[in-house]
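From first to last, the protein sequence lines are chains U and Z.
Using our numbering, read the first sequence as starting at 1 and increasing by one per residue.
Using our numbering, read the second sequence as starting at 1001 and increasing by one per residue.
Bear in mind the hints are in silico, worked out from the structure with no lab data behind them.
Hints are supplied without guarantee of correctness; some may be wrong.
[Said to hold, decoys possible] As a list, the in silico DMTMM-like pairs of lysine to aspartate or glutamate whose alpha-carbon atoms are at most 20 Å apart:
hint, chain 1, residue 1, chain 2, residue 2
1, U, K54, Z, E1582
2, U, K57, Z, E1616
3, Z, K1555, U, E29
4, Z, K1558, U, E19
5, U, K54, Z, E1497
6, U, K113, U, D46
7, U, K33, U, D46
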Amino acid sequence: MSASQSKTINIRLRVWRQESREAQGFFEEHELKGVLVDMSFLEMLDVLNEQIIKSGKRPLEFESDCREGICGTCSLVVQGQAHGPVRGATTCQLYMRTFVDGETITIEPWRAKAFPVIRDLVTDRRAFDRIQMAGGYTGAKTGPHADANAILIPKDLADRAMDAAACIGCGACVAACPNASASLFTSAKVTQLALLPQGQADRKRRVIRMVDQMDKEGFGSCSNLQECEAACPKKISIQNIAIMKQEYLKAALAADFRAGMGSADGGA
Amino acid sequence: MSIELNPGIPEGPLSQKWDNYKANMKLVNPANKRKYSVIVVGTGLAGASAAASLAELGYEVKSFCTHDSARRAHSIAAQGGINAAKSYPNDGDSVWRLFYDTIKGGDYRAREANVYRLAQNSTSIIDQCVSQGVPFAREYSGELANRSFGGAQVSRTFYARGQTGQQLLLGAYSQLMKEVEKGKVTLFPYREMLDVVMVDGKARGIITRNVTTGEVERHAADAVVLATGGYGRVYFLSTNAMNSNVTAIWRAHRRGALFGNPCYVQIHPTCIPVSGNYQAKLTLMSESLRNDGRVWVPKKKEDCKKDPSTIPDEDRDYYLERKYPSFGNLAPRDISSRAAKEVCDEGRGVGESGLAVYLDFRDAIKRDGEAAIRERYGNLFDMYHEITNENPYRSPMRIYPAVHYTMGGLWVDYSLQTTLPGLFAAGEANFSDHGANRLGASALMQGLSDGYFILPYTVTNYLGTHAQDLLKKVDVNHAAFESAEKEVRAEIDRMLENGKKGKRTVTEIYRDLGKVVWDKIGMARSEQGLKEALAEIEKLQKDFDTDLLLTGDSKLNKNLEMAGRLRDLLELGALMARDALERKESCGGHFRVESQTPDGEAQRDDENFAHVAAWEYKGKGQVPVRHQEKLVYENVKLSVRSYK
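Here chain U stands alone, though its shape is the one from the complex:
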């Protein structure tokens, strides 16, 4: 950090402005001089906003919260890529040292039918909550349970479940997918719980309901383009999608499921 402390660059920004969901959006241009290369990308936008406020205009709206890559709040398409050009990182983990002096940087919101723009760079991602709501849980209630070590879980299984559980629900997979599919997001939860013994009781119901909800929300289908995996800041593998498809098929074909569950929205 110290070596490059004082190094600065000048940049030009093209940022998406959109007053409301219904309004027509457009690109607004700004120049920023003397940007420290050790600044994070979002700190650079903070500086831009100070400049905008001082000129009496409405600041640029963008979302962020933890600024350490775990809450999944930040959500910008930078230079045409969800979360920008660095792999395995969220927008808040992007640093200005990634860019060169004189570069023009284009910043857009997630673009997907199921994620409507609220204002500027802020989109409404509540569709993810509704997918989760459809079955992304084990059904355990608060109360006494068997001792945590009563069921042994092999380490490699626990590790694989953790790989899938690392999803931060940011929506980059949807933003990167030409079909705006939410398959990577949905499959990560399906896989985590399908692998673990605690997820077995409602395994079939879960995958059917979550996939159906995903379709209802207007997300597209997966056609194995693998853009989602490339954009995922947590490097969630598309193997999860393969597992989800297999789980879905098995559940849909299972006689006991069809007899016991009825239609997908009926619940058990």
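Dock chain Z against the given chain U, drawing on the hints supplied.
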């Protein structure tokens, strides 16, 4: 008028108090439960677990959060782990030991009965989380893995890589979403709570603002739970999230809820140092790193700018191991932070600013191999690399203390009820369990203990006790809602109107506040500094009232949200200074330079300060009133905290 602060601790021996509470509490019969509604504000570990658990009991729950989704609450960022007295490693742990470590770690400023209950609940939390499918780290045997955290000599910390908070929160969130699907919880995302509504002396609702539309709304209920986190953002720079704030609990404080121990703040020893003056937040490096990393600075000032790998062992000062041989690098947070400040004050800090110490993995990598270290801390090392552009596998990390957690918060009794009847506070939002310093991996434990295993009992007891009153439903057209909404609207309008005329942005005033609070109510506090802080904060309050520059409209406008929060943080900052000024002793994270032992350790004054300070709001610009709750120790002997 003096307020009677009755903690309401149940009768009986320490280990039976919680059982006694449960045996004597009032119940609500299953058919009647659906007649009651409970508002839960916040969806972090405490809020999400409380909302899910209360809904499972049958209450109608309304869950509020400021984000788009409950899953984004800042509990998600907790890295290292969660403590529980499972004693799986067979290394001498027990409920008593966890209780004792927590009381001692808090420097004998927490309530015995609360802490004991916390330790008792800890084991159920792990069982609960495993049943939700939380993928905790495991051994090859398939059993759960444990590691150590500061202030303990046993391994009782459960973890999920470096993302324990995330996995626990997603567990609670999934349980919450299950209840949403069942229709027992209604979600209100994108809401900021701006007032508590009191009707006939009971909390009966809240006023919120929808941050996307700007609408100000009224919500009624029979009890209100605030689980809105801590107030570390008063320092501007902290490890807290951008949206973490004090507003919900501060508005409750303004309505009459007493504020406990506001000066107790945790400054975490291992954070990535500040760089430049544009930063908006700091990043924590988990305390778990101190299991394998060794903390040091050069013995000689002239070595501070040298490449650390060229400094031989005999010229390194492993100061934590030297000063605290029995706990070494795992000394508690307050002590480790102060020790780092001390060596930097002596001029032996490293890095560009001289405000950093080394956290070195050289010996651990030599001993266990790089692969083992990567397995344990890979994501933390990556995070460090991303931020600093330096590879911690090759050269030591540079770290420095930063604000991380606030032990103070709304005063609550044993049932987690504030001084406002029907208003409960849980998790970091209350002051209850950590005394003057919180041990690592205990915040997650407390949040989940409050939400899963305490509030479902104590809220039920409240509803059962006041059934006669509460079954007379209050409507949002009640005059109390009317006037509370009016006040909230007037305040927003006033900020937007004043904001047209001023010159100083929210960020500028906020940054100034942060600097005052960090310099004068940070790791070392003096009478003179605290008095200066009061004067400087008063000046900033004036700037805010008369010279604020605010643009944009009343719809989605982050800057407007920040302005409202800053208004509250300015008042809070002043209260922290007063509290620190009045507490003329050092304890835990509160270090008064006038009160130290000859070797520079915190010097408590049990005779005069073995109490909780609970502050009463008296109006804007008025001097608040300090009340006391005496802390009674029947089971633990007050002694000098030693980690030597």
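Each hint, compared with the structure:
At most 20 Å may separate the alpha-carbon atoms for a hinted pair to count; K54 (chain U) and E1582 (chain Z) exceed this at roughly 40 Å. Only pairs whose Cα atoms come within 20 Å are accepted, and K57 (chain U) paired with E1616 (chain Z) is rejected, the gap being roughly 40 Å. Under the criterion of a C-alpha separation no larger than 20 Å, the hint pairing K1555 (chain Z) with E29 (chain U) is inconsistent with the structure, at around 23 Å. Between the alpha carbons of K1558 (chain Z) and E19 (chain U) the distance comes to roughly 14 Å, so the proposed pair stays at or under 20 Å and holds.
About 16 Å separates the Cα atoms of K54 (chain U) and E1497 (chain Z), which keeps this hinted pair within 20 Å; it holds. The suggested pairing of K113 (chain U) with D46 (chain U) is violated, with an alpha-carbon distance near 28 Å, which exceeds 20 Å. With a C-alpha separation of about 14 Å, the suggested pair K33 (chain U) and D46 (chain U) falls inside the 20 Å cut-off, and the hint holds.
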